[in-house]
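K.L.:
Protein chains in written order, with my numbering: chain A, 1 to 601; chain B, 1001 to 1325.
Do not take every clue at face value.
[What the hints assert, rightly or not] Derived pair list, reagent style SDA-like, types lysine to any residue, alpha-carbon separation capped at 25 angstroms:
id, chain 1, residue 1, chain 2, residue 2
1, A, Lys137, B, Asn1238
2, A, Lys149, B, Gln1309
3, A, Lys137, B, Asn1028
4, B, Lys1244, B, Ala1298
5, A, Lys291, B, Asp1059
6, A, Lys137, B, Lys1264
7, A, Lys214, B, Asp1052
8, A, Lys112, A, Glu153
9, A, Lys154, B, Glu1314
10, A, Lys291, B, Pro1120
11, B, Lys1253, B, Asp1157
12, A, Lys17, B, Pro1007
13, A, Lys112, B, Asp1059
14, A, Lys123, B, Asn1238
15, A, Lys137, B, Arg1031
16, A, Lys13, B, Asn1310
17, A, Lys510, A, Ala422
18, A, Lys137, A, Leu106
19, A, Lys291, B, Arg1031
20, A, Lys149, B, Ala1179
21, A, Lys137, B, Glu1314
22, A, Lys137, B, Pro1007
23, A, Lys144, B, Asn1028
24, A, Lys137, B, Phe1009
[Unchecked claim] To give an idea of the interface, some chain B residues facing chain A are shown, with a C-beta separation under 10 angstroms as derived from the structure:
id, residue
25, Phe1009
26, Val1011
27, Ser1251
28, Arg1286
29, Arg1318
Hints in this document: simulated from the structure, not taken from any laboratory.
C-beta atoms are modelled at their ideal positions from N, C-alpha and C, and glycine is treated no differently.
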Amino acid sequence: MNKRLNRLVSAVKNTYKRRSIQFIISISFSLIAVLGVLMTGFAMYSRFSERLRENAIEKDKQVLEQVAWNLNTYIRNMMSVSDSFYYSVVKRTDLSKDSFIGEMDLLYEANKSNIVSIACVTKDGALIGASPVSGRKEGVDFSKQEWFKSADEKIADIHFSTPHVQNMFENSNYRYYWVVSLSRSVELTRGANIQRGILLVDMDFSAIEQMFMKANEGGRGYMYLMDRNGEIIYHPRQRAIYSGLISENNRAALGYEDGSHIENYNGEERSVIVKTIGYTGWRIVSVTPTKDLTLSLSQTRIFMVMILTGMIFVVLSGNMFISSRVTDPLRQLDESVKKLEEGDLSEEHIYVGGTHEIMHLGRTIRSMVVQMRKLMEDMVKEQRDKRRSELDALQSQINPHFLYNTLDSVIWMIESSRYRDAIDMVTSLASLFRISLSRGDNIIPIRDEIRHAQNYLSIQKVRYKNKFTSNIDIDPAIEDFCTIKLIVQPLIENAIYYGSLDEDSEISVKGYEKDGDIYIEVTDNGMGIPEETLKTLLTEKSRTRGKGSGIGLWNVNQRIQLYFKGNYGLEIESELDEGTTVRIHLPKITYEDYKKGGELS
Amino acid sequence: MKIKRTPMFYVVIVIFLLMLIEVGYYVNLMRKTEPIIQVSLIVYGSDNRRWDNLKQGADTAAADMNAEVTLITMSSDDDPEEQTALIRREALNGADALLIAACDAKAIGSYIKNNPPGIPYAFVESGTGDPDVPVTGADDAEMAQALAGTIDDNEKDWIKAAVICDHIQRDSVRKRLDALLNTDIHYADDVVIWERDEQEIDKKAQFFLQRKLTEEAVDVIIALDSGSVEELMDATLNLNKDIKIYGIANSSKSVYYVDNRLIKSLIYQDEFSMGYIGLKRLLSEREGDREEADKYAAYPIAYGVVDHQNMYDESNQRLLFPTAR
């Protein structure tokens, strides 16, 4: 289990590692937010549904309390009617001399909206008086009626009957009244005799019925009324119960204490609230199927789901927007840095935007790029300058060796009294140095370079006692084109030093134009260069100091390429025992143009 | 420029669509109310109160089944043309079902057969005589036999009985009459039939009965429906004749006459149950719930034999006197 969990955790971690910052932010925040929303939603729903149920029961209780209060008031009123008539009228009336019919009529008139009739009978069942005035039905024996018997049995109490159709007085228009009879035993005064009688107040059942009908209107459940024995007094579907079409759980409800109960009846769970009405012992029972208590909950549930979905939508959209706002600049900056890695050093490609921090980061990177590029340019320039300096230094190395040898030859000439030759040699040397100086310019016309080579050859011929012959053949058309100074002389020097000079040795210098470029060739007919040596001549390895001035072919080649770039430089052809030709390849740039523009490439 | 969509974008779109579906469902749910089934209860006669019990029963059943019952009476007692016109009108006016108390079994049966109303229908109290057309009511033959038995119990001496043969176009009355005439119970030594001939058919039954009462001496008169009972009572009120009246009726007026001992004994149907069961059966059939419909079809509609002595018994007073509504 732990292994699985660990694997899951590491899989999640790996997934996270591989994902973009936007994905991580949006997914993490969204999950947390959605979880929070769902938990809040479920907690609210749970609380709400419970509250709804409690409220529904509470509301039913309130309605029931209200009905109970109304019913109690109604019954109290009826009892008051009975009490007041008994104590204020019956007890004070001597029936041997007087009658209370008038008071009875008055009382009936005052309460006729709730009373069907008032009557007073003797204990033998003889009618003393009734209101409203109507004929007693033929054959009706009061003493056999339930209300009479109840009052006669328990003389101290006030008795309430179950609803029944009144059956004592003649009715007109075929009307019959359902009544609840309130009866009590009373003392009737006839002169000196006191005899018992029964006072009857028939309460109009429709008043009770109306009371419950109003309470039952539009409710989720219904209320019914039963007496202390469980007999139904009122039920909204009373006739259906009487006809046996439906049934009610009134017998079980009789055993309930006042308050809320849950019962299961005919396969249906019902919330039952019971309330007992004081004096009568009647019980009001409110019945609501529990599914109806939360009837509106299904709508609420859908509404909640809708709200939760809306909240999740807002949260996810917000997360997506915010994460893109935060991470898009980072992503763009990342792409800029990738371009930078690929070598694009242009600072305008570095993204600067987004939040303050990212903008600052972009500006910093852009500033770094600018500095980096400047540093690189400086470095390149420095390297170039360094190389030039090195080459210039190499170039300047010609002077001490050559000067020493030349001066040594001049000394030798003077010692041998060859003054004319010494003068010519010194003159050539002076000319050589003059061209070498060239007012500090490295670029000179080909004419000067060739003159320089001639001077050098003159000096060397003296030194080598004319052991070799030389020939210079320069196309006059190329004499005004540019060359780097002191590139021909080292080639002649090499030809002299490595050519194994003898009497037949010849060094020729040839200059010409071909295919728009300038070529100057230095050819000797010496021993030639071995092939393996030939391969390394223009490489770094050839930079070894040997005999001669120390200016190698590599240096000449480097100088040409440094100044002219492109495919310019030296080309060497050599065959053993045949000789060597070193060809200088130069661009065709007039010295005049060079002086005007100063650019060689 | 191609915009790169993240998975989260698609999740948000899905949730948005889900939200739209939920809103649609919720709005639909809020609007959704079960349409109330409109049932027209077309009865014969013009007296609304005569049908109070039946209507109360139908209303009680309707409350269970999201239905509403409209009582439609006629301007006359037994005009089949008017009743067929009412059937046609109610069907056209959008009633969802018809509950009919047929005023004329033959005429209404023929009309219904030839012009089916296109909506479910059933009969209460009095049908068409066609065994295939459902009718809910107490067993008429049984009631007639119960009435004969009551007469037999009450009248010990030699008697001559007259049976009012009116409204026999109604299936219920015809069945009662047939059962009464064919019963084995010896309820009278001599039975005469009082039936209006063609000349008197358009005259008030009360005048016909008064003539018969003066012309022919009988001990017992039997009326087989509420209309006949009331017409008979109207006819006898001022004649001061000692005649014992027995009947099958359901009107409050007839109950009143029992209470006043003018009617010796009355067979009274449980019309509340008749309305309740009739409607349940009709709507069960409309919903295609055959099992439920059969259950209601088998439910026996009760009737009571009431007289002055027992009419206030608990069970009878519940049957005879509709509670205030």
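K.L.:
Taking the hints in turn, state whether each one holds.
P.N.:
A quick look at each hint next to the structure:
1. A C-alpha spacing of about 21 angstroms is found between Lys137 of chain A and Asn1238 of chain B, which places the hinted pair at or below 25 angstroms, so the restraint holds.
2. For a cut-off of 25 angstroms, the pair hint linking Lys149 of chain A to Gln1309 of chain B stands: about 19 angstroms separates their Cα positions.
3. At most 25 angstroms may separate the alpha-carbon atoms for a hinted pair to count; Lys137 of chain A and Asn1028 of chain B exceed this at roughly 62 angstroms.
4. A threshold of 25 angstroms between alpha carbons decides the hint, and for Lys1244 of chain B with Ala1298 of chain B the separation of about 35 angstroms lies outside it, so the pair is violated.
5. Restraint check: the Cα-Cα separation between Lys291 of chain A and Asp1059 of chain B comes to about 24 angstroms, which is no more than 25 angstroms; the hinted pair holds.
6. For the suggested pair Lys137 of chain A and Lys1264 of chain B, the alpha carbons sit about 17 angstroms apart, so the restraint of at most 25 angstroms is met.
7. A C-alpha spacing of about 21 angstroms is found between Lys214 of chain A and Asp1052 of chain B, which places the hinted pair at or below 25 angstroms, so the restraint holds.
8. A C-alpha spacing of about 28 angstroms is found between Lys112 of chain A and Glu153 of chain A, which places the hinted pair above 25 angstroms, so the restraint is violated.
9. In summary, the hint linking Lys154 of chain A to Glu1314 of chain B is supported, as the alpha carbons are separated by about 23 angstroms, within the 25 angstroms threshold.
10. About 32 angstroms separates the Cα atoms of Lys291 of chain A and Pro1120 of chain B, which puts this hinted pair outside 25 angstroms; it is violated.
11. Distance check on the hinted pair: Lys1253 of chain B and Asp1157 of chain B sit about 29 angstroms apart at the alpha-carbon level, beyond 25 angstroms; violated.
12. In summary, the hint linking Lys17 of chain A to Pro1007 of chain B is supported, as the alpha carbons are separated by about 17 angstroms, within the 25 angstroms threshold.
13. Of the supplied pair hints, the one linking Lys112 of chain A and Asp1059 of chain B is violated, its CA atoms being roughly 30 angstroms apart against a limit of 25 angstroms.
14. Under the criterion of a C-alpha separation no larger than 25 angstroms, the hint pairing Lys123 of chain A with Asn1238 of chain B is inconsistent with the structure, at around 39 angstroms.
15. Our distance criterion of 25 angstroms between C-alpha atoms is broken by Lys137 of chain A and Arg1031 of chain B, whose separation comes to about 58 angstroms.
16. As the CA atoms of Lys13 of chain A and Asn1310 of chain B are separated by approximately 91 angstroms, the hinted pair breaks the 25 angstroms bound.
17. Between Lys510 of chain A and Ala422 of chain A the alpha-carbon distance is near 29 angstroms, which puts this suggested pair outside the 25 angstroms criterion.
18. With a CA separation close to 23 angstroms, the supplied pair Lys137 of chain A and Leu106 of chain A stays within the 25 angstroms bound.
19. Note on Lys291 of chain A and Arg1031 of chain B: the hinted pairing holds, with a Cα-Cα distance of about 21 angstroms set against a maximum of 25 angstroms.
20. For the hint pairing Lys149 of chain A with Ala1179 of chain B, the CA-to-CA distance comes to about 44 angstroms; that exceeds 25 angstroms, so the pair is violated.
21. Distance restraint check for Lys137 of chain A and Glu1314 of chain B: the Cα-Cα separation of roughly 19 angstroms lies within the 25 angstroms cut-off, and the hinted pair is therefore satisfied.
22. At roughly 91 angstroms between alpha-carbon atoms, Lys137 of chain A and Pro1007 of chain B are farther apart than 25 angstroms, so this suggested pair is violated.
23. At most 25 angstroms may separate the alpha-carbon atoms for a hinted pair to count; Lys144 of chain A and Asn1028 of chain B exceed this at roughly 63 angstroms.
24. Annotation: proposed proximity of Lys137 of chain A to Phe1009 of chain B is violated, straight-line Cα distance about 89 angstroms (limit 25 angstroms).
25. Hint on Phe1009 of chain B holds. Least Cβ distance to chain A is approximately 7 angstroms, under the 10 angstroms limit.
26. For Val1011 of chain B, the interface hint holds, the least distance from its beta-carbon to any beta-carbon of chain A being 6 angstroms, beneath 10 angstroms.
27. Taking 10 angstroms as the C-beta contact cut-off toward chain A, the hint placing Ser1251 of chain B at the interface holds, the least distance being around 8 angstroms.
28. Of the supplied interface hints, the one on Arg1286 of chain B is violated, with its beta-carbon coming no nearer than about 19 angstroms to a beta-carbon of chain A, more than 10 angstroms.
29. With its C-beta approaching chain A no nearer than about 4 angstroms, Arg1318 of chain B sits inside the 10 angstroms limit, and its interface hint holds.
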